[in-house]
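S.K.: For reference, the chains in residue letters:
Protein chains: 2
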Amino acid sequence: MEHSLNNSRDSELLARASKVVPNGMWGHMATRAIGPGYPQFFSKSDGCRVWDAEGNEYIDFMCAWGPNLLGYKNAEVDAAALAEIANGDINNGPTEKMVELAELFVDTIDYADWALFQKNGTDATTTCVTIARATTGKRKILVARGSYHGAVPWCSPSVVGVTTEDRAHVILFDYNDATSLDEAVAAAGDDLAAILLTAFRHDLNRDQEMPDPAFLRHARSICDKTGAALILDDVRAGFRLDVRGSWAKHRVKPDLGAYSKAIANGWPLAAVAGSRRMLDGASKIFTTGSFWYGSASMAASIKTIGILKETDALAHIEAMGARFRDGFASIAKGHGFVLHQTGPVQMPMLRFQDDPDLRIANAFCAAALRYGIYLHPKHNMFLCSAHQADDIDQALEAADKAMKDIAHLRGA
Amino acid sequence: MEHSLNNSRDSELLARASKVVPNGMWGHMATRAIGPGYPQFFSKSDGCRVWDAEGNEYIDFMCAWGPNLLGYKNAEVDAAALAEIANGDINNGPTEKMVELAELFVDTIDYADWALFQKNGTDATTTCVTIARATTGKRKILVARGSYHGAVPWCSPSVVGVTTEDRAHVILFDYNDATSLDEAVAAAGDDLAAILLTAFRHDLNRDQEMPDPAFLRHARSICDKTGAALILDDVRAGFRLDVRGSWAKHRVKPDLGAYSKAIANGWPLAAVAGSRRMLDGASKIFTTGSFWYGSASMAASIKTIGILKETDALAHIEAMGARFRDGFASIAKGHGFVLHQTGPVQMPMLRFQDDPDLRIANAFCAAALRYGIYLHPKHNMFLCSAHQADDIDQALEAADKAMKDIAHLRGA
Chain F
205 MEHSLNNSRD SELLARASKV VPNGMWGHMA TRAIGPGYPQ FFSKSDGCRV WDAEGNEYID
265 FMCAWGPNLL GYKNAEVDAA ALAEIANGDI NNGPTEKMVE LAELFVDTID YADWALFQKN
325 GTDATTTCVT IARATTGKRK ILVARGSYHG AVPWCSPSVV GVTTEDRAHV ILFDYNDATS
385 LDEAVAAAGD DLAAILLTAF RHDLNRDQEM PDPAFLRHAR SICDKTGAAL ILDDVRAGFR
445 LDVRGSWAKH RVKPDLGAYS KAIANGWPLA AVAGSRRMLD GASKIFTTGS FWYGSASMAA
505 SIKTIGILKE TDALAHIEAM GARFRDGFAS IAKGHGFVLH QTGPVQMPML RFQDDPDLRI
565 ANAFCAAALR YGIYLHPKHN MFLCSAHQAD DIDQALEAAD KAMKDIAHLR GA
Chain D
205 MEHSLNNSRD SELLARASKV VPNGMWGHMA TRAIGPGYPQ FFSKSDGCRV WDAEGNEYID
265 FMCAWGPNLL GYKNAEVDAA ALAEIANGDI NNGPTEKMVE LAELFVDTID YADWALFQKN
325 GTDATTTCVT IARATTGKRK ILVARGSYHG AVPWCSPSVV GVTTEDRAHV ILFDYNDATS
385 LDEAVAAAGD DLAAILLTAF RHDLNRDQEM PDPAFLRHAR SICDKTGAAL ILDDVRAGFR
445 LDVRGSWAKH RVKPDLGAYS KAIANGWPLA AVAGSRRMLD GASKIFTTGS FWYGSASMAA
505 SIKTIGILKE TDALAHIEAM GARFRDGFAS IAKGHGFVLH QTGPVQMPML RFQDDPDLRI
565 ANAFCAAALR YGIYLHPKHN MFLCSAHQAD DIDQALEAAD KAMKDIAHLR GA
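Just so you know, the protein sequences line up as chains F and D, in that order. For this note's numbering, count along the first sequence from 1 and bump the result up by 204. For this note's numbering, count along the second sequence from 1 and bump the result up by 204.
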């Protein structure tokens, strides 16, 4: 499986797109923001594999940037969703599936006493902030510098088209830094509504950091003292690391949690889960969307969470992630590269040492594409339960060839 | 078809939901915000009919609050979407369907030179505002008092959990009132970014108003003079009145338009369409979402728009709307009620004269439910192309019985 970088079908589609779409493509999947050599368009996906518009096949380590958790086109999940579509996905209200899914959230997520459902991760984080303000009557939201919480003015990584007032009540601190958090709390004075944290530090183009349990406990105790909400943004990591919520193993319970991505194995859904203390605020705010009550995505989520609870899917993903990480470490060593592999193995991050302009990472990922594996040079990646040992080993063989091809960049 | 108001299955589901969902239900489909007697849960939908959790069948005039345009479970639309799901809906980038859909938007919508796709109507209106600010470098957004543009802090009909700063740059005016608009423009000074208008005035619990073409031309000329963006919020009306955009017949072209609801006949999708003048701003902002690039909803939209362009579906909906309106006028007259029927016939609004507390409307709609038609006492309704003359006539018979039942409220 070796592909030519020549992908005329992709170029043709991109040329057509450039005439009718801003920049030919917008958002996080725009390849100009990823690196050279990436195909912009795809033609199909299955299990842990994707095919570009030209028909080139890749072992995929982005999983559609998270949603693919149990394999693209997981038969059980899709069957559950398609049964709802055959019955009529949308209606003038929800079906029983909404109740079942909310009950399943409450049964499954360690801090959840209730849940509500939406479509985008940004819907969920924005609603958490609104609920925190409604519950506390306070305004300030503490956000870690560099954390991604969505793509609307209050939290977008871009400030183009954003006004100062959109972020008037956002105060920044550094993730895992208790002193910095204390300073932000002091700056909030008696107006602290919430501390908002991603499950772990998974910022773009930076080594990942697991949360320091002592830091999480400190944040929890601030919220206990002040009445502010501790919000877990579990959009990216949720259901991939731990079905109970990504902080369950740290024994720190947030007041509110935001979910999306893997929640329904690719069917569009997001959720807010919350504790009883946040129920009053959640009951008073208004949040809604035209497609939020469709039952297909809810049925997909019920099946996804069911599989996670009844099978060893998450343990398998973790084992495959460890195999991937160990293999990469060994390959890098063999070629004399120092590789930073950080964060949970299920969501790998690869960074080459002494590569500030990503010259090595971009060259490596472009070479990897030619050998049939789809990696990302500066964003965390994702594994899914469809990755088997053979897929990982095949990917590692490809990575070995790709690293050999770029060995001349070592220490250059 | 006469139902008992006793719906034990609905009560049972609502009791379960009340334990795990804020208020048992959130958002616009929460029946406590609609009126007494409404079923909260549904079990299936087909064509122009919906079934509640108990299995009671209704001829439906809400169309899932807009998304149902060509009939629930439209076979052609669903087949197009399901083919994409069979192929893998999501991926690390879009499929060719994104390009096809953007090209179709540009070919179809009279002012569109480009398009981008999202999931919620609120995504689209928020992005229009952000693009307007990015393009103009100005901040003030003029919004008609009482218009609904979404459910996030800058525009939500609720201010619970919303800060003053969220709306710092929103200036209100009255729809169709040029003097009021001029005052808002003056208040914006040299900081005017956009004038945001719904396709027509379709505010809750208020007679609908078609836009005054002279008012639209006035708004257009202000934007031409100042460089501000004229934004058409076509989320609710888009593709139901005119496939070219809801202002095409008024010959006023907005700079930006927001779409959702009927865009893909119930498959979750939203869109922003824009003119060349807005392309630079659209190319600079960052907006994205985890599920925005799935091809199933895009294929559904391509098929939906194709059907609208190739068949007389919209003319049929208009004819059915006229039959519904004429029938209702005659029934009301027969029972001595004065009924206000306003706005486009495709999106009927029924209001009883001298009914400030909705006592008559609520009693009528509850009675109508018993006779098997699902109406709304204070929100505009929607027709779809699956409504046939027989359905309308059957609904009118039911409405006649319902109005007879509430005749004692006349002039009370």
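It is worth saying that the hints were derived from the structure and are not from the lab. It cannot be assumed that every hint is accurate.
[Unchecked claim] On the chain D side, residues computed to face chain F include the following (Cβ under 7 angstroms):
#1 231
#2 244
#3 271
#4 297
#5 334
#6 488
#7 497
#8 545
Predicted model, so just to flag it, every value in this text is computed and none were measured. By construction, the Cβ of each residue, glycine as well, lies at the ideal position given by its N, Cα and C atoms.
S.K.: Less than 7 angstroms between beta-carbons is the criterion; does residue 545 (chain D) satisfy it with respect to chain F?
M.R.: At about 21 angstroms, which exceeds the 7 angstroms cut-off, the nearest Cβ of chain F leaves the hint on residue 545 (chain D) violated.
S.K.: Using the nearest Cβ pair, does residue 244 (chain D) come within less than 7 angstroms of chain F?
M.R.: holds, 5 angstroms
S.K.: Any CB of chain F closer than 7 angstroms to the CB of residue 297 (chain D)?
M.R.: Nearest chain F Cβ about 5 angstroms off; hint holds.
S.K.: Just to be careful: measuring from the Cβ of residue 231 (chain D) to every Cβ in chain F, is the smallest value less than 7 angstroms?
M.R.: holds, 3 angstroms
S.K.: Hint validation: residue 334 (chain D) versus chain F, beta carbon distance must be below 7 angstroms. Holds or violated?
M.R.: OK, holds: residue 334 (chain D) within 7 angstroms of chain F, min 4 angstroms.
S.K.: Just to be careful: measuring from the Cβ of residue 271 (chain D) to every Cβ in chain F, is the smallest value less than 7 angstroms?
M.R.: holds, 6 angstroms
S.K.: If you take the shortest Cβ to Cβ gap from residue 497 (chain D) to chain F, is it below 7 angstroms?
M.R.: holds, 6 angstroms
S.K.: Does the closest beta carbon of chain F sit nearer than 7 angstroms to the beta carbon of residue 488 (chain D)?
M.R.: With a minimum Cβ separation of about 5 angstroms from chain F (threshold 7 angstroms), the hint on residue 488 (chain D) holds.
Hint 8 alone, counting from the list given before, is not met by this structure.
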